[in-house]
Each structure stands twice: as C-alpha cells, then as structure tokens.
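**Q** Chain residues, written in single-letter form:
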Amino acid sequence: METFRFRLMNTDILLAAQGTPARIAEGFEEAQQFIHASEGRFSRFSGQSELSELNRSAGTPFQASPDLFSVLGLAQRFFHQTRGLFDPSILPDLLRAGYDRSMDLLRQQGAAPLFESLLAGEHPSFSEMELDERRGMILLPPGMALDLGGIAKGWIAEQAALILSEFSSACAVNAGGDMFLVGLPEGEDQWPVAIEDPLQPENDLTTLRVDPGAVATSTVTKRVWKQEEKQRHHLIDPRTGEPAVTDWLSVTVIAPHTYEAEVFAKALLIGGPQESEEIARKCGTQFSYLAVDHDRKIWGPQKSLEYINVH
Amino acid sequence: MKIIKTALHYWFAIVSVFSFLAGWGMLAHSLKPIQPTQVTSVNTASLPALPPIQAYNGGSGNGGGLNFSAPGNQSNYGFPMLRTGGS
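Protein chains in written order, with my numbering: chain A, 1 to 311; chain B, 312 to 398.
The set of hints was computed from the structure by calculation and includes no laboratory data. Every residue gets a Cβ at the ideal spot worked out from N, C-alpha and C, and that includes glycine. A portion of the hints provided could be inaccurate.
Short, incomplete list of chain A residues facing chain B, as computed with Cβ under 10 Å [as the list claims (entries may be wrong)]:
{"no.": "1", "residue": "3"}
{"no.": "2", "residue": "177"}
{"no.": "3", "residue": "193"}
{"no.": "4", "residue": "194"}
{"no.": "5", "residue": "198"}
{"no.": "6", "residue": "207"}
{"no.": "7", "residue": "223"}
Covered by chain B, per the in silico footprint, the following chain A stretches (three or more residues, Cβ under 8 Å) [claimed, not checked]:
{"no.": "8", "segment": "11-19"}
{"no.": "9", "segment": "168-176"}
From just these sequences and the hints, can you work out the full model?
**A** Now the structure itself:
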C-alpha cells in the first residue's frame, strides 16, 4: 500500500492507497488538490474563503456554492440531533477565548487577552440560520458567524477518499484523526485503527478493527493554549460559551460518514456521559463510541466492545 | 360592604391554599431528571483498562493526531497503521 503525507488545514494528512503505482500517484494528486481547494473554501482563517464571505454577509442572503450549502445543511441537521451540543455558531466565543488565528500561529504567537466586555454565548442561535434549498441561498441573522472546522474537515476527508478510490482498489484518508476508509486492504477483513492515549499521544490505548466507513476522535488535550493565566482548549460548550469542562479526555466515534463521526465525537465529549446516553438513544443506530476518561479508562455502550481488539 | 370584603378575604385564602396544593401535586408527579450514576451503571459498560504500548515511533510532534506510521514503521498488517486521537 502506497502512502503520501502532507500538511493542510493546519493538520497532518495522510493518504494510503492500494493499486498500481502510476494510478495511485494520479489519485494522490487529485485528492490533494481537492483538499487544498476545499481548505480555501471552508477556512475561517482566510479572509478570502467562501466561509469568511458568508460570515461577512450576515443579515443579507448569500449565494453559496453547492459544497458550502451541503455542509451547512448537514450542520443544521446535526445541531438538532445533538440537542445543540454541536453548534457552528460559537465562533464569537472561540474568538473570545483567544482562538482567533490558526493553531500553528497561536502556538507561535500566544493568545490575545480575554475581552471581558464580550459576554460568553451572546450571539444568535444557530437555529435562526435559513437555508433556501431551491436557490442555494443562505441567510445568517445579523451577529452570527460560523466556524465549520470539524465538520468541514470530516466532509473533506471523506470526499478526498472517494476521489482516491477511483484510482485504487482500497484506500484511506486520515485528516487529523478524522478518517474515511474505502474497500479493504488485500487479505484483510477489517481495518485496524489505533486509538491514541490522550495523555501520551505517542502511545496507543487500544486498536479497533473496523469495517470500511469512518472513524473520528475529538479531544480536549491537543488544541490547547493559555490565555493570560487560563488554560483554554478549542471545544466550546454552547451552553456556557466557554471551553467545555468534561468528564472525558477524548471520544472516538465509528460511523458510516466522517462528518457525522466528527460531529458526534465532539458532541459526546462536550456532553459527557449523561448527554451521550440521550444522544445515543436518539441516534444510536448511526454510530458507536468509545470514550477515554481522566484515568485512561475506556467507556462505551456494549456494542462498542465488538470493535476492540485487545493487545 | 363589610360582608363582601370578608367574603373576598375568605375567597383569596381558599384559592391560595388550593393553588398551592395543586402545584405541589403536579411537581410531585412530574418526570424526574436522570441521575448520572443511573445512566452510567445501567446503560454503559466499563471496558477493560488496557496498558499503553510503545508501538509507534512516528507522529507529527506538533500535536496533530492523524498519523499512519512513518515509512519503515509499518504495522504487522503489511499496510500503514491508522491512528486516531483528535487534532
């Protein structure tokens, strides 16, 4: 199996594919170009991106590309399914917490001080966004600004894998832990996927064996920074407008699609055991999850056991 | 006039007592919130704690979580080991 790694979307990306080298090289190039173009569309860190244009248009209807419209349609659906724990409209809170530039830059330069004049959670609800399916128009209410970070990354990884699959018999795209798997490696009946120890990422806690489809993990231990004396991370709890205080350190979700694995991983991590039960009861057929707590114990519903391959 | 005033006093007193009792009854029979301990013990299972292993020497070193093993660091499966840990 050939591999190709590069860095885009402020994360490490690896493509892996099985097939003839010439075809695979072609597939790698097309998949990489797609990821690069999509980053230009969905990044909130580029003033020229379509997402930034949409955010500037708040209050007036915006003609969106089919890709942006499609991702926002998914976002709207998941906002309701996760009882508002997945909420792309928390961007003002994220900025207030100091995440106002890419993580690479934030790590180099440090965070801006906390603006106490801005109140946490003071923005319109995401449910107020209007989508006009017939005309492909989006209307954000005044004061709303969106961050599509995770869901867009998952969507891009899946689309890139589908592109790559046209050039290979089996392939995988893994973008910052959000992965989509197509087909099966030769001689295998499942894909092995290791879950990192959130406290020591160089180590693995366990290895899952999964069918073709998606796996994604959210954690509060990686995208972290200090704002003045406060420890911050990138997962904002929409109920408080502050970085989430969680019972778990990371949540891994196995699902048919990468964007939904990413969304549910984030929502379950923010919501913790109680909300997870509620969400899993409502959408339980869509995914399975494994959560790692502060003592590195792994938790999950009974059906998640079948994915674990004990070393 | 005095009779009406007294009757009103009694009326308000009686309505207040009945409203209070009705409210108490409603709250006593409403649905209770699920306790976290119940949720954990009834619907989730603690999976066995697994010892960390030193199987991976690659990694981005910059907090990125997506990693296949580095070239020359192939898994036992004959293809790159996928790792997930968030980013």
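**Q** Now, for every hint given, state plainly whether the structure supports it.
**A** Now for the hints, and whether the structure bears them out:
With a cut of 10 Å, the hint placing residue 3 (chain A) at the interface with chain B holds, because the nearest CB-to-CB distance is about 5 Å. Hint on residue 177 (chain A) holds. Least Cβ distance to chain B is approximately 4 Å, under the 10 Å limit. Interface restraint check: residue 193 (chain A) against chain B, minimum CB-CB distance 5 Å, threshold 10 Å, status holds. The beta carbon of residue 194 (chain A) is positioned within 10 Å of a beta carbon in chain B (closest approach about 5 Å), and the interface hint is therefore held.
A distance limit of 10 Å between C-beta atoms decides the matter here; for residue 198 (chain A) the minimum to chain B is near 7 Å, and the interface restraint holds. Of the supplied interface hints, the one on residue 207 (chain A) holds, with its beta-carbon coming within about 8 Å of a beta-carbon of chain B, less than 10 Å. For residue 223 (chain A), the interface hint holds, since its Cβ comes within 10 Å of a Cβ in chain B; the closest pair sits about 7 Å apart. Residue count for the segment 11-19 of chain A with a Cβ under 8 Å from a Cβ of chain B: 6. That meets the three needed, and the coverage hint holds.
Restraint check on the segment 168-176 of chain A versus chain B: 4 residues with Cβ-Cβ distances below 8 Å, three needed, restraint holds.
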